[in-house]
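Engineer: Letter by letter, the chains look like this.
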Amino acid sequence: MKKRIAPIALAVVLFAIISSFPLPAAGQSAAAGTGDIKARISSILERFPADAAAARDALCAEIIGLGPAALAETFARIQPPGGANDARARFAVNGLAVHVTRAGADAERLLYVKALLAALARASDKDVAAFFIAQVQLAGRAESVKSLAKYLSNEDLAGPAARALQTIGGPEAPKAILKALDAAPRSARVALIDALGGMRSREAVKKLLVLAEGADHEARRAARQALANIGDPAAGPVLAMVRVASSLGERAEAPALYLLYARRLAQAGLTSEALEAARSVLASYSRSGEAQVAVEALTLVRSILGEGAFPDLLRAVDGPVPALRAGALDMASKGTGQEAEQWVRRAEAAGPEIRAAIIEMLGRHRDPGPGAEFNRKSLHDPDRSVRLAAIRSQIGEPIPDLFSLLGTADEEEAAALRTELLQFRAASVIPEAARLIDTTPHPGKAVLIDVLGEKGARGEIEYVFRLAADPEPATRAAALGALAKLAGEFELPSLVAMLEKAADADDIVHLQDAVAAASRTTEPGRRGVALVDLLNGANPGRKAVILRVLPRVGGVKALRAAVEETASADAQVQTAAVYALSQWPDFQAAEELLQIATTTASKRYRLLALEGYVRLVGRANITGQRKLALFQDLLARTFDEADKKAVVSGVAAVREPEALRLLGTCLDNPVLGETAAAGLLDLASEQAPHERWLSGHEAYSVLRRVEALQADPGERARAGSIIMERLAQGGFVPLFDGRSLAGWKGLVADPPTRAKMAQTDLAKAQAEADSRMRAHWKVEDGVLVFDGKGESLCTASDYGDFELLADWKIEKGGDSGLYLRGSPQVQIWDAAANPAGSGGLYNNQKGKSQPLEKADRPVGEWNSFRIIMIGERVSVYLNDKLVADNVVLENYWERDRPIYPTGQIELQAHGNPLYFRNIFVREIPGDTAAPQMSPAEADEGFAPLFNGRDLAGWTGGGGGYAVEDGKIVVHPERGGGNLFTEKEYADFVLRFEFKLWPAANNGLGIRAPLEGDAAYAGMEIQILEDGSPVYWGLKPYQYHGSIYGVVAARRGVLRPPGEWNTEEVTVRGRRITVAVNGATVVDADLDEASAGGTIDGNAHPGLARTTGRIGFLGHGSVLEFRNIRLKELK
Amino acid sequence: MSHPRRISRRRFIGTGAAAAAALAIVPRRVLGGQDYLAPSDTPTRAVIGVGGMGQGHLGYPGAVLRAVCDVDRKHLESALSIGGPGVAGYSDFREVLARPDIDVVHIATPPHWHALISIAAAEAGKDVWCEKPMTRTIAEGRAVVEAFRRTGRVFRVNTWFRFTDRFYGFGTDVRPIKKVVQNRLLGWPLKATVSATTGFDWKFYWSGLAHARPEPVPPELDYDFWLGPAPWKPYHPHRVHGTFRGYWDYDGGGLGDMGQHYLDPVQYLLEKDDTSPVEIAADCPQQHPDACGSWRRIEMRYADGCVIVLDGENRDTQAPFLEGPEGKLFRGFESDIPNLRDALAALPDPEPQVTDFAEAVRTRRRFALDERRGHRSCTLVNLAKIAVQLGRPLRFDPDREIFPGDEAANRLASQPMRAPWHL
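As given, the protein sequences belong to chains A and B, one line each in that order. Just so we're aligned, residue 906 is where the first sequence starts under this note's numbering, counting upward by one. Just so we're aligned, residue 71 is where the second sequence starts under this note's numbering, counting upward by one.
For the record, the hints were derived by calculation from the structure and aren't laboratory data. It is possible that some hints are incorrect.
As the list claims (entries may be wrong) - Derived DSS-like pairs: lysine-lysine, alpha-carbon spacing no greater than 25 Å straight-line:
| hint | chain 1 | residue 1 | chain 2 | residue 2 |
| --- | --- | --- | --- | --- |
| 1 | A | LYS1650 | A | LYS1661 |
| 2 | B | LYS303 | A | LYS1055 |
| 3 | B | LYS303 | A | LYS1031 |
| 4 | B | LYS144 | A | LYS1900 |
As the list claims (entries may be wrong) - Incomplete in silico selection of chain A near chain B, CB under 8 Å:
| hint | residue |
| --- | --- |
| 5 | ARG961 |
| 6 | PRO986 |
| 7 | PHE996 |
| 8 | ARG1007 |
| 9 | GLN1042 |
| 10 | LEU1043 |
| 11 | GLY1064 |
| 12 | GLN1071 |
| 13 | ALA1231 |
| 14 | GLN1328 |
| 15 | ALA1331 |
| 16 | GLU1964 |
Unchecked claim - Have a look at the derived ranges for each label pair, beta carbon to beta carbon:
| hint | chain 1 | residue 1 | chain 2 | residue 2 | range |
| --- | --- | --- | --- | --- | --- |
| 17 | A | GLY1636 | B | TRP258 | 58 to 64 Å |
| 18 | B | THR425 | A | LYS1031 | 47 to 53 Å |
| 19 | B | THR425 | A | PRO1216 | 33 to 39 Å |
| 20 | B | PRO288 | A | ALA1088 | 35 to 41 Å |
| 21 | A | PRO1216 | B | ASN409 | 55 to 61 Å |
Ideal placement from N, C-alpha and C gives every residue a C-beta, glycine not left out.
Can you make the complete structure from the sequences, with help from the hints?
Structural biologist: See the structure below:
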């Protein structure tokens, strides 16, 4: 959006400094004291990570030059994860490993490894030890074996040590592992066995043979795997036995192991044993579902016998398993004439299916010789599938043969022939194609014409023009297609003349293509010029024809010509011009279309122009916000309601929450309602994972209205199912299925009483209550109906924090309510008799019990509740109006206690008939609380700017900002852009927490306008992981907390990436202060800071603004925000 | 044996580890079933790894989804809710491979799992559609190639620019570019530059945490299984979902993310499907042993003189995408060769490729981007990673696929896995 920060910078200077350091000789360093060494290492580590390999090598040489004590000191800086920040030391240690493993540095390597092993011996933390072992794995050799072996019996470190030993290899490593195997803890054994197998240690075979038949299942499997990999003949019987006498799981692994073993035998030169093993597998895995095993065995046979395996391949090809056949043909070797000859003979004798497969195989090999000859002959095979295979598998350039087939080819053959012919050079196919066209019937004829076009046969263009006038439509179509490839400016007049005369609809389409293509083939600067020239001299009829093609050509000149013709005196030309503009391919035409739409007197032109404008805006590369703003402007102008429909469809194509709102306002409009409703359904019919707003309450409430507006039952059902899908994606589950009382139960006493009841008594009472309930609560037409007698209806489950949606209806004088967590109540009553209205927390004594406003619909109509309960607090929306705002629900049953943490939801019986429907609940995970604002902050006047649940009050974001677990998480891969508050703020204190990921880049916009680059058009308080090596060479005014480009921030107070930081930004008049993690990093007066120009030298007109939006300015990075709260300063 | 079953949404927690331990691998043949599909049959599919990338695989055309698998319960639940009825959920991929009615396995796990699951799938008789980068190391790539050669199964990497789709900044697919190259209109050898100038943006925000405080593993995640063959490291949310690319243990930063997308078509254009570069040099800041960092420039040279330059800084803002002794081709298919399009018309088209994976599965033919080609293009990524990690010029033997005389590089190219996982 804003600023570009060069991610990487040169280090030439740095390197020059480093390499000029005198390297002390090893002898000198030995004399240095420990204190000295500590200080030296500290200063060297400060320079890690090095910016380039040469600088790294210089730093490493410096450490090594200081001797073993310096290495020990470096290793001593490694901390357990979560301890002090040891990133620089890790850079250094790893850099040393890389440095000393360069060619010809063995003495240094030995010095490093010895010090490393000593550090390993001292390491008390297992993660630190594992890090050291991983470094030994990089740099260690035989000298490390003994030290590593000590860890083979350590439960945590045996794995890393075994892997390091496996990497080191040599004669000593397997010996050490073998020696440790018996004493190793059970959990480490598999790692040791794996390493032995990985090293193919023959001396381990004896021990592994025992383990391979032992009782320990995991060791047994690992030992068999190791034995197979080692490939010692002694393991044969054990591995063979697995195939017949083991558990199912072991048998399943058996063939792969046995074949691995056989491959190793073959590699060791034991070919007859290997062959025997492979053949036995081939013979016993012959069913269709075992093809992969058979192919594997055959592969081995083939690799052992070479050409001698031909009979085996042949048998496989003849067999009934297609996958094995394909595998065998894949193994057929290339380049041996003899084998190719045998394949040809086989193909001649085989049925069409195998013949075609062999032909394709021969074709893949591209060998001239018997294969090529046979494939050419097969072009004329009586079987069609064989012919098709042959067409695709020709070797060399059998051009006449391919051409000769065109005369009799069917569609599929013709298509295959076309593909093949295009793979030859133009000169070798054009003459023959041209010669054959007149005598070849379709579809071959079309292929020939096509070849002329595709191969650029400009010399044949007159002939193609003649064909374009052929009475036969297929010939004409092919020829016009070829003209689109061949024609240039020179042919334009002829093409236009033809287009003017053309009557056949297909011809017109093809000719338009050709005209457009011929106009496009000029150089970029002359795009459309030739066609515009033609337009200028043409009569009205021809003008109309040309105008129709103009949008396909595009370009500035064509656009200007089309605009000019919209003022034509000739109605036909004028219509064609307006139409052309409405079809224009790029945004350039938008202004012109808007101009026409707002000025023309013709209804028709206005609609055309509007539709074109809406289409162009919809496709334009601008933000959804901007598109909606343009559409809203348009709606505000005085067009026919019918015209507005076009705009409303455009709105529906913008996937932004604001589009939802805008369409919602159109629903009640008698003319636009239907279009808006259809648009809303389209919008909601699919939801991408980041479009959470589509499964939120706002969408739910709007879509419910859409549903109610649908007259057609099918459409209503569709709307209903879309709503259900969205709700489900938003985490809502239906509490009432519309058919039964499933999920509900009768009422047994109040919560305190129930809590005191014994389990058995409760169960009995519940059963009785359930049967009473069924007498009075019924389902009628998808509505839950209460007959006015009996008791409340309760959910079968308990709920803690939740969002509840429910529709209700009462009769005159009706009274009811919703109990939350088993406690009364969100009030429902006849608002005619109780003017305060419904939705208050009726039983509250201390807190508010009345609703904020009366939002009830008249008795007899449906009302909708949306109730959010988090902790003790309840918010209620009645018919989308907020009637209870985060009010504490008091405990009615036990007045001295807070409300219960969980409980059932109840529909209150109050002696009158009640109706409920559309009841959904979304459970809110416990940690998704609203911002954690201290009471002191609330008293001070802070209010949450972000509710922790959704982006209510925010706008924009391009889909890249999601609410997850009470945080705003930026997902750059889902969309990018700026997320702004809906309201503007002048002076304020903003507090928030943020978590940076490595190299994260974002920004806090203040006093910013919606449009423009907020860093300049408003102000941007930089948010950046400025410690990342990605940002070498930042300017101070780019550090985190800076007023970007204007005031530099103090650096060094950010916590490491992945941890939460706090920030407070105070904006009061011209004074801005920024505090990060409690430390003030910016305290500046804007006028002083910008006097005489800003430090980045750019214009910052936004500094003069006195108010604007607050926003997060996305820059393609992952990061998180939470607890955003604000106090306005008045 | 444990029957494949639908895991109850509520009861999933804790079953992951137990299921892994009690697992029995059931080969397809034990339960019968066909390995060959009639042309009219639609293949069936399982998706292993249904986090970020995996969600996209659920709806790919060409096969019917039957099973999903993830070691994170939340991912699994989300995939099941998208998959609808008839889709079963698993926490252990081996249970999925044991199902006889699955034809194709999609692997959308982090890269450190790609090789192991691919090989196990081939040995269980499945065809594989695997996310990029194909494998995390060169040795893993070789092992996959070997396994699919042995078993004759069909494999594809989930990148496609060598055969379809608009090729980044070129306004066309790769075919006309291939035509330019194969007809030697630019001459030979070629230098390819992959940078923002030529249409490719290297994503340096995939960077790991060099110093993180361990956090408790969330209950929905089987972290030990997630790590699998990778060395054990204390848990931090940044190591896993969505941000794992920043760690060498699982991937390789922006190179891992976009490398194969960008480089596979380059390899195809340079006719290097059967070989690898012989010299690799990286200019970059020193790398942390665990967390990936950025780099400025990586240059890879083939034996015939062709060169691939990865320009991370976009220093050469005039660079053509392809440059040969006789001409240059820039992004947007611009060229210094006059009338390039006309010249192209007269020349042979590239050979057609098998680009429909379902067709490859049915006919047992090799897919356009199979394991061999995929391994070679992933080797470009892995070579670049090693060059960045070591910061010194490397020499590579493309036939033996080792770094002659450079033990440290070889150790990075082939790393033993954490037991009980092994190649």
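Engineer: Take the hints in turn and mark each one as holding or not.
Structural biologist: Hint-by-hint comparison with the structure:
Proximity of LYS1650/A to LYS1661/A is assessed by CA-CA distance (about 19 Å); at most 25 Å being required, the pair is judged to hold. A distance of roughly 21 Å separates the Cα atoms of LYS303/B and LYS1055/A; the hinted pair therefore holds under the 25 Å criterion. Annotation: proposed proximity of LYS303/B to LYS1031/A holds, straight-line Cα distance about 11 Å (limit 25 Å). Note on LYS144/B and LYS1900/A: the hinted pairing holds, with a Cα-Cα distance of about 23 Å set against a maximum of 25 Å.
Look at ARG961/A: its Cβ gets to within about 4 Å of chain B, closer than 8 Å, so that hint holds up. Look at PRO986/A: its Cβ gets to within about 5 Å of chain B, closer than 8 Å, so that hint holds up. Given hint, PHE996/A at the interface with chain B, holds; its Cβ is 6 Å from that chain's nearest Cβ, closer than 8 Å. The beta carbon of ARG1007/A comes within 6 Å of a beta carbon in chain B, closer than 8 Å, and the hint placing it at the interface holds.
Checking GLN1042/A against chain B: minimum C-beta separation of about 7 Å stays under 8 Å; hint holds. Hint status for LEU1043/A: holds, given a least beta-carbon distance of 6 Å to chain B, under 8 Å. With 8 Å as the threshold, the beta carbon of GLY1064/A comes within range of chain B, its nearest partner Cβ sitting at about 6 Å, so the hint holds. For GLN1071/A, the suggested interface contact is upheld, since its CB lies about 5 Å from the closest CB of chain B, less than 8 Å.
Taken as an interface hint, ALA1231/A checks out: its beta carbon lies about 3 Å from the nearest beta carbon of chain B, inside 8 Å. Look at GLN1328/A: its Cβ gets to within about 5 Å of chain B, closer than 8 Å, so that hint holds up. Among the interface hints, the one on ALA1331/A holds; its C-beta lies about 4 Å from the nearest C-beta in chain B, closer than the 8 Å criterion. At its closest, the beta carbon of GLU1964/A sits 7 Å from a beta carbon of chain B; the interface hint therefore holds under the 8 Å criterion.
Between GLY1636/A and TRP258/B the CB atoms are about 59 Å apart, so this pair conforms to the stated range of 58 to 64 Å. As the Cβ distance of THR425/B to LYS1031/A is approximately 50 Å, the hint placing it in 47 to 53 Å holds. Our hint of 33 to 39 Å for THR425/B and PRO1216/A holds, since their Cβ atoms are close to 35 Å apart. Hint check: PRO288/B to ALA1088/A, Cβ distance near 37 Å, so the stated range 35 to 41 Å holds.
For PRO1216/A paired with ASN409/B, a C-beta distance near 57 Å keeps the hint of 55 to 61 Å intact.
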